[in-house]
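Protein chains: 2
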Amino acid sequence: MTDRKTSWIESANDGQTDFPLQNLPYGIFSANGKTPRVGVAIGDMVLDLAVLDEAGLLPAAAKGAFDGDSLNRFIALGKPVWSETRQRLTALLSGDDKALEGNPALRAAALAPASWVTLHLPVQIPGYTDFYSSKEHATNVGRMFRDPENALLPNWLEIPIGYNGRASSVVVSGTELHRPNGQIKLPNEARPLFGPCRKLDFELEMGFIVGKDSALGAPVSTAAAPEHMFGMVLLNDWSARDIQQWEYVPLGPFNSKTFGTSISPWVVTMEALEPFRRDNPAQSPEPLSYLRQQARNAYDIDLEVLLRADGAEDAATISRTNFKAMYWTMAQQLAHHTVSGCNVRVGDLMGSGTISGTTPDSYGSLLELTRNGAEPVTLPGGAKRGFLEDGDEVVMRGWCQGDGYRIGFGEVRGRILPAIAA
Amino acid sequence: MTDRKTSWIESANDGQTDFPLQNLPYGIFSANGKTPRVGVAIGDMVLDLAVLDEAGLLPAAAKGAFDGDSLNRFIALGKPVWSETRQRLTALLSGDDKALEGNPALRAAALAPASWVTLHLPVQIPGYTDFYSSKEHATNVGRMFRDPENALLPNWLEIPIGYNGRASSVVVSGTELHRPNGQIKLPNEARPLFGPCRKLDFELEMGFIVGKDSALGAPVSTAAAPEHMFGMVLLNDWSARDIQQWEYVPLGPFNSKTFGTSISPWVVTMEALEPFRRDNPAQSPEPLSYLRQQARNAYDIDLEVLLRADGAEDAATISRTNFKAMYWTMAQQLAHHTVSGCNVRVGDLMGSGTISGTTPDSYGSLLELTRNGAEPVTLPGGAKRGFLEDGDEVVMRGWCQGDGYRIGFGEVRGRILPAIAA
Numbered sequence: 001m002t003d004r005k006t007s008w009i010e011s012a013n014d015g016q017t018d019f020p021l022q023n024l025p026y027g028i029f030s031a032n033g034k035t036p037r038v039g040v041a042i043g044d045m046v047l048d049l050a051v052l053d054e055a056g057l058l059p060a061a062a063k064g065a066f067d068g069d070s071l072n073r074f075i076a077l078g079k080p081v082w083s084e085t086r087q088r089l090t091a092l093l094s095g096d097d098k099a100l101e102g103n104p105a106l107r108a109a110a111l112a113p114a115s116w117v118t119l120h121l122p123v124q125i126p127g128y129t130d131f132y133s134s135k136e137h138a139t140n141v142g143r144m145f146r147d148p149e150n151a152l153l154p155n156w157l158e159i160p161i162g163y164n165g166r167a168s169s170v171v172v173s174g175t176e177l178h179r180p181n182g183q184i185k186l187p188n189e190a191r192p193l194f195g196p197c198r199k200l201d202f203e204l205e206m207g208f209i210v211g212k213d214s215a216l217g218a219p220v221s222t223a224a225a226p227e228h229m230f231g232m233v234l235l236n237d238w239s240a241r242d243i244q245q246w247e248y249v250p251l252g253p254f255n256s257k258t259f260g261t262s263i264s265p266w267v268v269t270m271e272a273l274e275p276f277r278r279d280n281p282a283q284s285p286e287p288l289s290y291l292r293q294q295a296r297n298a299y300d301i302d303l304e305v306l307l308r309a310d311g312a313e314d315a316a317t318i319s320r321t322n323f324k325a326m327y328w329t330m331a332q333q334l335a336h337h338t339v340s341g342c343n344v345r346v347g348d349l350m351g352s353g354t355i356s357g358t359t360p361d362s363y364g365s366l367l368e369l370t371r372n373g374a375e376p377v378t379l380p381g382g383a384k385r386g387f388l389e390d391g392d393e394v395v396m397r398g399w400c401q402g403d404g405y406r407i408g409f410g411e412v413r414g415r416i417l418p419a420i421a422a
Numbered sequence: 001m002t003d004r005k006t007s008w009i010e011s012a013n014d015g016q017t018d019f020p021l022q023n024l025p026y027g028i029f030s031a032n033g034k035t036p037r038v039g040v041a042i043g044d045m046v047l048d049l050a051v052l053d054e055a056g057l058l059p060a061a062a063k064g065a066f067d068g069d070s071l072n073r074f075i076a077l078g079k080p081v082w083s084e085t086r087q088r089l090t091a092l093l094s095g096d097d098k099a100l101e102g103n104p105a106l107r108a109a110a111l112a113p114a115s116w117v118t119l120h121l122p123v124q125i126p127g128y129t130d131f132y133s134s135k136e137h138a139t140n141v142g143r144m145f146r147d148p149e150n151a152l153l154p155n156w157l158e159i160p161i162g163y164n165g166r167a168s169s170v171v172v173s174g175t176e177l178h179r180p181n182g183q184i185k186l187p188n189e190a191r192p193l194f195g196p197c198r199k200l201d202f203e204l205e206m207g208f209i210v211g212k213d214s215a216l217g218a219p220v221s222t223a224a225a226p227e228h229m230f231g232m233v234l235l236n237d238w239s240a241r242d243i244q245q246w247e248y249v250p251l252g253p254f255n256s257k258t259f260g261t262s263i264s265p266w267v268v269t270m271e272a273l274e275p276f277r278r279d280n281p282a283q284s285p286e287p288l289s290y291l292r293q294q295a296r297n298a299y300d301i302d303l304e305v306l307l308r309a310d311g312a313e314d315a316a317t318i319s320r321t322n323f324k325a326m327y328w329t330m331a332q333q334l335a336h337h338t339v340s341g342c343n344v345r346v347g348d349l350m351g352s353g354t355i356s357g358t359t360p361d362s363y364g365s366l367l368e369l370t371r372n373g374a375e376p377v378t379l380p381g382g383a384k385r386g387f388l389e390d391g392d393e394v395v396m397r398g399w400c401q402g403d404g405y406r407i408g409f410g411e412v413r414g415r416i417l418p419a420i421a422a
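Protein chains in written order, with UniProt numbering: chain A, 1 to 422; chain B, 1 to 422.
Chain A on its own, in the form it takes in the complex (with noise of 0.2 Å):
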């Protein structure tokens, strides 16, 4: 039994949503033929933050941020504003505040129920950008690709590695994909073919939207990084292996990944994760002074990936990892990205890389868990799959589990088609 604040929303207090009073994610939505809008998700239903704002609910400084199709103008407003909106929120649906729940009609304008909305890309995304700061997923791919006796490339303990990422074909859980066409180098072949994807793989991350813009030629430090985050999402990196092994040398992954990126719906916000805070990785060696931070800057988030085989009834978990063991983390991430001068934009996406554990069952994308494909993982009812067929789902989930509640960000889900005709 704990004492946190529950909400007079019922579904939000039964400690397995992932949407209790205390997380409160921002998203878009859209039902009833309205214009989509800003919602907050909380248990199973979904509350209209622009009805709330009609009814001068919100904060006056927030004013008019939520009626738009993403949650930019919102962020834009600064960290004030989102805790004084969390604060307001939090009074109104704990019921501290009765001006939702006392009112019949405003909660019938105000509350959906989740399952009979349309959820929206949440986020208008200037820029993508993907970094590869799992040191087990690094070293994984190194042993196959390159060279097993020295896996992690020489400047990968110096670098948080990113490269930037194509934000226009970044969409939201739940969009289906075609398989890729490409060219694919077979070993024996003295010329590339062109052709579907062989090796389609998905990528388990997590990402963070910027909250904050930066000016070109104004470095964000460690310190300072906190600052510019708004909050966090799943992210589905969906990778084709055989096109990225013939492209990638020299300038980096392209078609391999540019064909789409997928993202949860709801954004859960830095403030919502704070209890969830833990100790950096230890590093070594020390980073370079641009680097170093005092911050907790680590984050304890459970994560799993399910597999639903094409025709298959249940998905299987094929992968339970934990955010926590990244070795690179987001303050870093920034830091790296705008040492340099560059800027950054609110609403701009920064993926973590692919997120993998320590052991066989941890690891964040079938490359690594089947050996490239040499190893398949046997799904219950026995498909195999070494890597996705057409058909095939995949879904990420992830919540951080507090004493008798927990933090869920819902899920990532995506189905592949088939590839379009060449």
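Do not rely on the hints blindly, as some may be mistaken.
Quick look at which bits of chain B chain A covers, simulated, 3 or more residues with Cβ under 8 Å [as the list claims (entries may be wrong)]:
(1) 29 to 39
(2) 224 to 231
(3) 234 to 247
(4) 275 to 282
Beyond 12 Å from chain A on every Cβ pair, some chain B residues (computed) [what the hints assert, rightly or not]:
(5) T6
(6) E158
(7) S289
(8) I318
For the record, the hints were derived by calculation from the structure and aren't laboratory data. All C-beta atoms, glycine included, are put in the ideal place defined by N, C-alpha and C.
Keeping the supplied structure of chain A fixed, place chain B upon it in accordance with the hints.
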């Protein structure tokens, strides 16, 4: 003597200007304290399209597309509207239609001397991709950094290699940039140091601006590609060679490029460039099916790079080359970019990659011109440069030489400020 049409704006007719009646490039300008809006360069004047639109002199289909701070709204209207607008402007500026020429009050309101206006970034850029399409450049770089005997990587002749760039730091000509700080690994040191770049370079490129959205999962063929191109700009892909060399394996260049990319303020339309289409360069081996092209997709554009050393009076021309020698065409770049299903959007910027010719005086970077700094260029007055020093200014110019006129791109100019104290 040619019979080409001339303008009643005399400065457009001297055969030397970049901006004759045949050009009509679009940009964003502000003057007189008015908000930024769309302008067209004509001789030494800038024509205010928001004023012309207000006066009812532009196509009805383009109504309201010219008073914003980017070209995106106009571009999104599509090719027929671009053509109709060009025809209207040609009629108004040639005097075939007297509505502007014969109206002194309107002329005064709509025409500003170019030297009086401020030019802004012409396009709001949702995505920036940079290719690597000069065979000479790829060979020169491979020779220096990889294997002199096998300078061209095996995938280069098959793939129009490209990577995602950073859109947030694309700036308009004239923007000064700080020398980036970053990680530099010296050969005899065990660990990298952190400090200002010591090998700061430019890259002479051009870029095209995407004129039409494509849908996720819907590749754009080489045949359809020209429909998706609005126009072209000059592009300087500033590069920190020492940072690049340490960071780029395995995910490509990041901080070495993201600190800034400069483009010219005037977007020269594909329609204006039409007379300068040329036969495609020979490609061997014949590209895979999706990269084959029927149309003439090469363009004859003369290019030069000037360097003004810090404190020097004059800039010296250090490179002269031509865009037509690029191995992969823009149509092939776009077909490759989208073949995986990746979508493109109006305003996307697609860089060509460094444009290097076959002779040492036609290379598009100091890296190549000076053999990685080993053979500095000597400038008039005696200054030597292996790489850029603080206060140095780089100017790139481009033009298509017609019979008695030229279609010019103006210039992209940028000066290097000292590194910010880290």
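Structure versus earlier hints, numbers of those that do not hold, lowest first: Hints 1, 2, 4, 6, 7 are the ones this structure does not satisfy, whereas the remaining hints hold.
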